[in-house]
Amino acid sequence: MGRKKVLLAILLTTLLGAGTALAADPTGAETIKADPGQAVDFVWVLVCGFLVMFMQAGFACVEAGFCRSKNTTNLFTKNLLDFVAGSLAFWVLGFAILMGKDWHGLIGTSGFFLAGDSYDVSTYLSFFWQMVFCATAATIVSGAVAERIKFSAYLLYSVAISAVIYPIYAHWVWGGGWLSKLPYGLGHLDFAGSGVVHAVGGLVGLAGAIVLGPRYGKFDKNGKPRAIPGHNIALAALGVFILWFGWYGFNPGSTFSAHHLRISVIAVNTTLAASAASITALLIILLKTGKWDLGMALNGVLAGLVAITAPCAWVESWAAVVIGIIAGIILVIGVYLLEALKIDDPVGAVPVHGFNGLWGLISVGIFADGTYGNYSITPPFVKGLLYGGGAGQLIAQIIGAAVLFVWAFGCGLILFKLLDILIGIRVSPREEIQGLDILEHGTPAYPEFYTMRR
Amino acid sequence: MKEIRAIIRPEKLEDVLAALEAAGHPGLTVSQVEGHGRQAGLTEQFRGREYKVDLLPKLELRIVCKDEEVERLMKTIAEAARTGEIGDGKIFVYDVLDAMRIRSGERGDVAV
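Residue numbers (our numbering), protein chains in the order written: chain A, 16 to 469; chain B, 37 to 148.
Next comes chain B alone, as it looks inside the complex (with noise of 0.2 Å):
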């Protein structure tokens, strides 16, 4: 089993979620986060002063599954959150070391 983290857009999301649904409707959970790779902060401004906002807004999208799905989603993630513009996020995959569905108490990779 593994856990696919991806940082996007948040204007990306409805992208995501539908290439996401068309390639089979996997679980996931999703975060509001702030954060910043290499782009750098926005200027704005309040009354006549300018600020940097160095963390900007991001989604992270969570997905836990089998070990053979995780190239699929991946690529699909990655084509649906791309803009080709500084920004657009990253992806990140790790090991999970077991799962249970609360429910059921079923236990591995059926429960995911």
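Isolated chain A, as found in the complex (with noise of 0.2 Å):
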């Protein structure tokens, strides 16, 4: 059984109170004494969590190193709020949907805010690990909504992704919903959420930036677009390091297992995929502008990232390196793309996050070698098309990326008109201009740059 089936498992006997064995135990003596080896995977699971965690400050770095110093104070407030906000709902709700009592296949209902019998040290620890991935899911669309969007809208999307769009995907795929029992190959496959946290990030962001508009100065009159240059490349590229070294927290992590040693290959693949695309990423922009182009670099490195997430536990290291070279000409046309369709995206989240998660579930259909299962290291194991395994698991892969992608474009414009009707979702021109620091917040980042009477 899957990681997430054997959690959904002892989530509904613990409800159901049914089994002495496996009651809510929140001593924790009775999970240790009936398997002393869940010791190991508590601690593999909650350090690789703890670098999920840290993966907030890389977002955050990333964004406000790749926009102006005047929205950097607003940058690292959204960053900080989304996953303050978003814990809390996720608790609330959130949680519940994602891995509870299921219902049709479609939503969860049960285990709201962690009571009863969910006062458990298992249920704790799923909470824990899948509470840090709903936080990054909710991040990734402070990037594409940057340097415009109200903070008070901002926080009210970040409660709706966390409590309910999120957990209701992320339930379909991984807490025993309907995209899970697909009757092609295993079913639709995402290992750590290519799709579930990256792809609805990006795309819930794609809607976002969609129903904002271009920042003031985006495009020129004739609609020309024009960049807008970050103001640190060095906390950028600080917050990719970060977000590379949580992402071995990310992938390997999802086993949800240390007795896996896929573990090594995971993190092998993790490595490759990042790197092969960000040398394509920065080999495209060099024949094209004769230039090393250092933003590009970075953004491909997280595209690679974004892209093996999903099946880097089933390919092996060649199929890493060809995942990220495909990721690097997805991100670099994806990027060129929005431009000529007049969306602003400032920092590059929906190609890097919307189209490489698409491409990664569906890679899964391609490269997965036969090596590894659903969460398992028994068969049955995941066959794509290259390995022998016929289109079925590429089947699944695909109607898996198209209701993510009607699921969170469609949920985003609907999320984000609909805050724009009630408090309207973007700042004054005149406060766009000024910088959001200043009239949002009332703390400029950088105050030495400002003369103050004392």
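Since the hints were derived computationally from the structure, they do not count as laboratory data.
Please note that a few of the clues may not be correct.
Here are some, though not all, of the chain A residues that point toward chain B, as calculated from beta-carbon distances under 7 Å [to be verified]: (1) Ala242; (2) Pro244; (3) Ile300; (4) Thr304; (5) Lys306; (6) Asp308; (7) Gly310; (8) Met311.
Computed from a prediction, not measured in an experiment: that's the story for all the values here.
Backbone N, C-alpha and C define an ideal beta-carbon position, used for all residues, glycine too.
Starting from two chains that each stand alone, build the complex the way the hints lay out.
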């Protein structure tokens, strides 16, 4: 059984109060007595979860570095508060919808507030893991809507994605929902969340960027796109290094077990895809402009990481490199495509997380080599097109990707349109030009640039 | 009294200061400025998109001196700041009506 199914089973039994061995165990004594090996699994999952939480810092640095200094306070506040508000919303609603008792494959219905029988070490472990993943999806959107969204609107969006939009889709894939039970291949598979986390975040972000419209000055009078250079490339680069490091928790930790030694394969694949995508993006821009473009190389790293997130456990090294190269190409095409469509995505969140998240899902159906199962080291193993698995898995992946696009983009459009009607989501032109730091927050990030009266 | 305003390349500041020191250490003020003369701007790029920087960073030196020192100081600055490439900058000279040393209240030539 897969880790999610195991957890679901544990959750269900605890909630139904059946079986003394699996009853709620807030002390942890029963759990470790039943299987002493659980200790190392708990440590593995928690340490990896801590790394995933630290990716929040990476996102904050990337976004602030790629945007202008006048919006730095705003971007860091958004990245802090989407985690703060999102973790609470996930505790109230999200976790129950994601991992609770399944209702017709659509939605989970138990475990609100982690109350009752959810007071259990295994359930809390599952909550922590799913919570940091949910927060990652939420924070991706911040970059796509940067430098022009009202903070109040962003706060409401954070609650909505963490409480409802993310958990429902995640339930379909990881909570025992209908996508995981598709009658093709082993059902729709997304190992660590190219789709569930990154494509959901990226496509909700796309909706947000469309509803908001481009930043003042992004397109000139003739509609020609203009570069709006970020204010701190060093900060952006540090952010990418932090994210890359955090990804070693995100992907290997998704085995949910330290007993799956497949974690070494996952770590290598994660690295190779990131490197291949980065150098691909770098070389494409070098051919175009004759210059070594760090900004695109940094985005390339993230594109590769996102793409390998779904297939990382099911492919071998050469496939990771190929997946990365294609991710780099998709990234560059995506960046220019959005500009051609007059959509302003200040940090490239949509091509990095949205487009490459979908590519990661599809790549599973092509490159999965039949050496690892559904979060399991015993058969049935996942096999793609190139390894004699036929088209089944690929079909399941394409269906999942299509459903994801409709769900995330659709929910995003409805949410941001609704917020726009209710409270207005865009700051005034005056505020946008002066920067959100001063008028939204009253705290310029770099006050030494101003002359102050004491 | 005259004021010499010299617009120079930022990277030439140390050479110019050393030359002025050798020429008798006149007082000076340095400001960071942006501008362009007949020199075109630079092309830079961010995440794959190029953009033009029309105004380039320069330094402006201001030196107030006695009339008879102007010629010598202009030559000193020009020699130290010159690379021979476009963008070396310019030197302008203005009349100064009066001056006061704030500490002592002295006026005119003795104050500069």
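Right, here's what the structure says about each hint:
1. Ala242: holds (4 Å)
2. Pro244: holds (4 Å)
3. Ile300: holds (5 Å)
4. Thr304: holds (6 Å)
5. Lys306: holds (6 Å)
6. Asp308: holds (6 Å)
7. Gly310: This hint holds: A/Gly310 lies near chain B, its Cβ roughly 4 Å from the closest one there, short of 7 Å.
8. Met311: holds (5 Å)
Hint compliance for this structure: no hint is broken.
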